Amino acid sequence: MIKEKARAVATAGIIAASAIATPPAHAAPTGTSPTGSSIGHIQSDPPDRLRASHVASNSINITFVDGSTNEDYFFVDYRVQNGDWHPLWQARTQSKKSMGLKYSIYQSVGRNTIYCYRAGTLQWKGLSLIRSVTGTYCDAPAAPSKPANSRVTRISSSSVSIKFDRSSKWEWGYQLFAKRAGSAPWVYKGSLVVRTAKDTYIMTANNLKPNRFYRFIVVPYNQFGAGTASDDVTATTVSR
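Numbering (the UniProt record's numbering), first residue to last: 1 to 240.
Please note that a few of the clues may not be correct.
Derived pair list, reagent style BS3-like, types lysine-lysine, alpha-carbon separation capped at 25 Å [stated by the list, open to error]:
| # | residue 1 | residue 2 |
| --- | --- | --- |
| 1 | Lys102 | Lys163 |
| 2 | Lys163 | Lys146 |
| 3 | Lys169 | Lys198 |
| 4 | Lys163 | Lys198 |
| 5 | Lys198 | Lys146 |
For the record, the hints were derived by calculation from the structure and aren't laboratory data. Keep in mind the model is a prediction, meaning the values are calculated, not measured.
Using the sequences provided together with the hints, build the complete structure.
See the structure below:
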(Lines of atoms letter the chains of each structure in order from A and count residues from 1; the text may use other names and numbers.)
(Lines give C-alpha, C1' and ligand atoms only; values in the text may rest on other atoms or scores of the structure.)
Protein backbone atom coordinates (compact mmCIF):
# COMPACT_ATOMS: atom_id res chain seq x y z
CA MET A 1 0.00 0.00 0.00
CA ILE A 2 1.35 3.40 -0.94
CA LYS A 3 1.91 5.55 2.11
CA GLU A 4 -0.13 8.73 2.09
CA LYS A 5 1.31 11.99 3.33
CA ALA A 6 0.15 13.11 6.75
CA ARG A 7 -2.42 15.66 5.73
CA ALA A 8 -6.16 15.80 5.39
CA VAL A 9 -7.45 14.06 2.29
CA ALA A 10 -9.25 16.61 0.15
CA THR A 11 -11.91 15.96 -2.42
CA ALA A 12 -11.19 17.41 -5.84
CA GLY A 13 -12.47 17.42 -9.38
CA ILE A 14 -16.14 16.97 -8.57
CA ILE A 15 -17.52 16.96 -12.07
CA ALA A 16 -20.76 15.76 -13.65
CA ALA A 17 -19.23 13.87 -16.54
CA SER A 18 -20.57 14.45 -20.03
CA ALA A 19 -19.19 14.35 -23.55
CA ILE A 20 -19.57 18.12 -23.77
CA ALA A 21 -18.00 18.96 -20.43
CA THR A 22 -14.93 16.74 -20.69
CA PRO A 23 -12.29 16.10 -23.37
CA PRO A 24 -11.81 12.54 -24.64
CA ALA A 25 -9.69 10.42 -22.32
CA HIS A 26 -6.13 9.75 -23.56
CA ALA A 27 -6.38 12.41 -26.25
CA ALA A 28 -3.26 14.54 -26.32
CA PRO A 29 -3.96 17.20 -23.68
CA THR A 30 -4.01 20.83 -24.68
CA GLY A 31 -0.54 22.35 -24.35
CA THR A 32 2.96 21.09 -24.88
CA SER A 33 5.19 18.60 -23.13
CA PRO A 34 7.84 19.74 -20.69
CA THR A 35 11.22 20.38 -22.24
CA GLY A 36 14.36 18.54 -21.31
CA SER A 37 15.72 15.02 -21.40
CA SER A 38 13.62 12.00 -20.45
CA ILE A 39 16.68 10.15 -19.13
CA GLY A 40 15.99 8.87 -15.62
CA HIS A 41 12.24 8.97 -16.25
CA ILE A 42 10.21 7.21 -13.55
CA GLN A 43 6.75 6.10 -14.67
CA SER A 44 3.90 7.23 -12.47
CA ASP A 45 1.89 4.67 -10.52
CA PRO A 46 -1.80 4.24 -11.41
CA PRO A 47 -4.45 5.70 -9.11
CA ASP A 48 -5.25 3.90 -5.88
CA ARG A 49 -8.58 2.69 -4.42
CA LEU A 50 -10.81 3.03 -7.48
CA ARG A 51 -14.46 2.71 -6.43
CA ALA A 52 -17.86 3.23 -8.06
CA SER A 53 -21.26 3.24 -6.39
CA HIS A 54 -24.82 4.20 -7.26
CA VAL A 55 -25.93 7.40 -5.52
CA ALA A 56 -29.29 7.23 -7.33
CA SER A 57 -30.92 4.82 -9.75
CA ASN A 58 -29.50 6.84 -12.65
CA SER A 59 -26.25 8.24 -11.21
CA ILE A 60 -22.91 6.68 -10.24
CA ASN A 61 -20.13 8.29 -8.19
CA ILE A 62 -16.61 7.24 -9.23
CA THR A 63 -13.73 7.95 -6.85
CA PHE A 64 -10.00 7.26 -6.76
CA VAL A 65 -6.97 8.43 -4.78
CA ASP A 66 -3.77 9.90 -6.21
CA GLY A 67 -1.12 7.20 -5.84
CA SER A 68 1.99 8.89 -7.25
CA THR A 69 3.87 12.19 -7.31
CA ASN A 70 4.80 12.58 -10.97
CA GLU A 71 1.62 12.29 -13.04
CA ASP A 72 0.46 15.10 -15.37
CA TYR A 73 -3.17 14.08 -16.01
CA PHE A 74 -5.78 11.66 -14.68
CA PHE A 75 -8.46 9.92 -16.73
CA VAL A 76 -11.44 7.62 -16.23
CA ASP A 77 -12.93 5.25 -18.84
CA TYR A 78 -16.21 3.35 -18.61
CA ARG A 79 -17.89 0.43 -20.32
CA VAL A 80 -21.34 -1.16 -20.10
CA GLN A 81 -21.06 -4.69 -18.70
CA ASN A 82 -18.18 -6.17 -20.70
CA GLY A 83 -18.50 -4.03 -23.82
CA ASP A 84 -15.98 -1.63 -25.34
CA TRP A 85 -14.23 1.05 -23.30
CA HIS A 86 -15.29 4.69 -23.77
CA PRO A 87 -13.68 7.89 -22.46
CA LEU A 88 -15.54 9.52 -19.56
CA TRP A 89 -13.30 12.14 -17.93
CA GLN A 90 -9.82 13.62 -18.13
CA ALA A 91 -8.25 16.46 -16.15
CA ARG A 92 -4.88 17.89 -15.20
CA THR A 93 -3.59 16.66 -11.85
CA GLN A 94 -4.26 18.83 -8.83
CA SER A 95 -1.74 16.93 -6.71
CA LYS A 96 1.39 16.26 -8.78
CA LYS A 97 3.84 16.62 -5.90
CA SER A 98 1.80 14.79 -3.29
CA MET A 99 -0.23 11.62 -2.80
CA GLY A 100 -3.54 10.91 -1.13
CA LEU A 101 -5.79 13.49 -2.79
CA LYS A 102 -9.21 12.01 -3.53
CA TYR A 103 -10.84 12.68 -6.90
CA SER A 104 -14.59 12.28 -7.35
CA ILE A 105 -16.70 12.44 -10.50
CA TYR A 106 -20.29 11.57 -11.36
CA GLN A 107 -21.81 9.87 -14.38
CA SER A 108 -25.45 9.85 -15.41
CA VAL A 109 -26.27 6.24 -16.32
CA GLY A 110 -29.06 4.13 -17.68
CA ARG A 111 -31.22 2.19 -15.27
CA ASN A 112 -30.86 -1.55 -14.71
CA THR A 113 -27.38 -1.69 -16.27
CA ILE A 114 -23.95 -2.63 -14.92
CA TYR A 115 -21.24 -0.03 -15.56
CA CYS A 116 -17.52 -0.77 -15.23
CA TYR A 117 -14.64 1.69 -14.79
CA ARG A 118 -10.88 2.00 -14.97
CA ALA A 119 -8.75 5.00 -14.00
CA GLY A 120 -5.25 5.98 -14.97
CA THR A 121 -2.52 8.57 -15.23
CA LEU A 122 -1.00 10.29 -18.24
CA GLN A 123 2.59 11.46 -17.96
CA TRP A 124 4.83 13.26 -20.39
CA LYS A 125 8.04 11.45 -21.38
CA GLY A 126 9.74 13.72 -23.87
CA LEU A 127 7.13 14.27 -26.57
CA SER A 128 5.18 11.11 -25.71
CA LEU A 129 2.43 10.46 -23.18
CA ILE A 130 2.90 7.38 -21.00
CA ARG A 131 -0.12 5.97 -19.20
CA SER A 132 -0.60 3.73 -16.17
CA VAL A 133 -4.00 2.11 -15.67
CA THR A 134 -5.82 0.50 -12.76
CA GLY A 135 -7.74 -2.73 -12.91
CA THR A 136 -11.47 -2.74 -13.66
CA TYR A 137 -14.11 -1.92 -11.05
CA CYS A 138 -17.79 -2.54 -11.82
CA ASP A 139 -20.88 -1.27 -10.07
CA ALA A 140 -24.29 -2.89 -9.88
CA PRO A 141 -27.25 -1.47 -7.96
CA ALA A 142 -28.04 -4.68 -6.07
CA ALA A 143 -26.80 -8.16 -5.28
CA PRO A 144 -27.40 -10.71 -8.05
CA SER A 145 -30.47 -12.91 -7.93
CA LYS A 146 -30.74 -16.68 -8.05
CA PRO A 147 -29.80 -18.69 -11.18
CA ALA A 148 -32.58 -20.99 -12.37
CA ASN A 149 -33.15 -24.46 -13.75
CA SER A 150 -29.79 -26.06 -12.94
CA ARG A 151 -29.31 -29.47 -14.54
CA VAL A 152 -26.53 -31.96 -15.23
CA THR A 153 -25.52 -32.19 -18.89
CA ARG A 154 -22.41 -34.39 -18.92
CA ILE A 155 -20.84 -36.91 -16.53
CA SER A 156 -17.45 -38.63 -16.70
CA SER A 157 -15.25 -40.38 -14.15
CA SER A 158 -13.59 -37.10 -13.12
CA SER A 159 -15.92 -34.27 -14.15
CA VAL A 160 -19.54 -33.13 -14.23
CA SER A 161 -20.97 -30.28 -16.32
CA ILE A 162 -23.81 -28.14 -14.99
CA LYS A 163 -26.09 -26.06 -17.21
CA PHE A 164 -28.20 -23.25 -15.74
CA ASP A 165 -30.39 -20.37 -16.85
CA ARG A 166 -29.60 -16.73 -16.26
CA SER A 167 -32.49 -15.55 -14.15
CA SER A 168 -29.86 -13.57 -12.26
CA LYS A 169 -29.54 -9.79 -12.65
CA TRP A 170 -26.45 -7.72 -11.93
CA GLU A 171 -24.04 -10.66 -11.92
CA TRP A 172 -20.36 -10.14 -12.67
CA GLY A 173 -19.93 -13.89 -12.84
CA TYR A 174 -20.68 -17.26 -11.29
CA GLN A 175 -18.84 -19.70 -9.03
CA LEU A 176 -19.36 -23.46 -9.02
CA PHE A 177 -19.17 -25.53 -5.83
CA ALA A 178 -19.32 -29.28 -5.24
CA LYS A 179 -19.63 -31.43 -2.11
CA ARG A 180 -19.79 -35.06 -1.14
CA ALA A 181 -22.73 -36.48 0.77
CA GLY A 182 -23.46 -35.74 4.40
CA SER A 183 -21.59 -33.02 6.30
CA ALA A 184 -18.74 -32.69 3.81
CA PRO A 185 -17.88 -29.02 3.06
CA TRP A 186 -18.63 -27.24 -0.20
CA VAL A 187 -15.51 -27.14 -2.39
CA TYR A 188 -14.86 -24.38 -4.93
CA LYS A 189 -14.67 -25.74 -8.48
CA GLY A 190 -14.16 -22.69 -10.64
CA SER A 191 -15.48 -19.32 -11.82
CA LEU A 192 -17.14 -18.02 -14.95
CA VAL A 193 -16.82 -14.29 -15.67
CA VAL A 194 -19.75 -12.91 -17.64
CA ARG A 195 -18.32 -11.30 -20.77
CA THR A 196 -21.57 -11.11 -22.71
CA ALA A 197 -24.91 -11.82 -21.07
CA LYS A 198 -26.51 -15.02 -22.35
CA ASP A 199 -29.68 -16.89 -21.41
CA THR A 200 -27.85 -20.11 -20.51
CA TYR A 201 -24.37 -20.98 -19.22
CA ILE A 202 -22.42 -24.20 -18.67
CA MET A 203 -19.78 -24.77 -15.98
CA THR A 204 -17.74 -27.91 -15.36
CA ALA A 205 -16.45 -29.32 -12.07
CA ASN A 206 -13.16 -31.13 -12.68
CA ASN A 207 -10.83 -33.30 -10.58
CA LEU A 208 -13.65 -35.36 -9.10
CA LYS A 209 -13.21 -38.93 -7.91
CA PRO A 210 -14.73 -41.78 -9.96
CA ASN A 211 -17.90 -43.54 -8.80
CA ARG A 212 -18.71 -40.87 -6.21
CA PHE A 213 -21.97 -39.06 -5.44
CA TYR A 214 -21.77 -35.23 -5.54
CA ARG A 215 -24.01 -32.23 -5.07
CA PHE A 216 -23.47 -29.02 -7.06
CA ILE A 217 -24.56 -25.40 -6.70
CA VAL A 218 -23.94 -22.26 -8.77
CA VAL A 219 -23.46 -18.95 -6.92
CA PRO A 220 -23.70 -15.55 -8.69
CA TYR A 221 -21.55 -12.67 -7.43
CA ASN A 222 -20.80 -8.97 -7.87
CA GLN A 223 -19.34 -6.21 -5.68
CA PHE A 224 -22.00 -6.89 -3.04
CA GLY A 225 -20.60 -10.39 -2.68
CA ALA A 226 -22.40 -13.66 -3.31
CA GLY A 227 -26.03 -13.76 -4.34
CA THR A 228 -28.52 -16.54 -3.71
CA ALA A 229 -27.21 -19.93 -4.80
CA SER A 230 -29.02 -22.06 -7.34
CA ASP A 231 -30.93 -25.13 -6.25
CA ASP A 232 -28.50 -28.01 -5.89
CA VAL A 233 -28.29 -30.80 -8.44
CA THR A 234 -26.75 -34.23 -7.95
CA ALA A 235 -24.73 -36.68 -10.00
CA THR A 236 -22.62 -39.80 -9.53
CA THR A 237 -19.37 -39.89 -11.47
CA VAL A 238 -18.68 -42.81 -13.79
CA SER A 239 -16.55 -45.76 -12.67
CA ARG A 240 -13.24 -46.17 -14.43
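Results for each hint:
{"no.": "1", "hint": "Lys102 x Lys163", "result": "violated, 44 Å"}
{"no.": "2", "hint": "Lys163 x Lys146", "result": "holds, 14 Å"}
{"no.": "3", "hint": "Lys169 x Lys198", "result": "holds, 11 Å"}
{"no.": "4", "hint": "Lys163 x Lys198", "result": "holds, 12 Å"}
{"no.": "5", "hint": "Lys198 x Lys146", "result": "holds, 15 Å"}
Hint compliance for this structure: hint 1 alone is broken.
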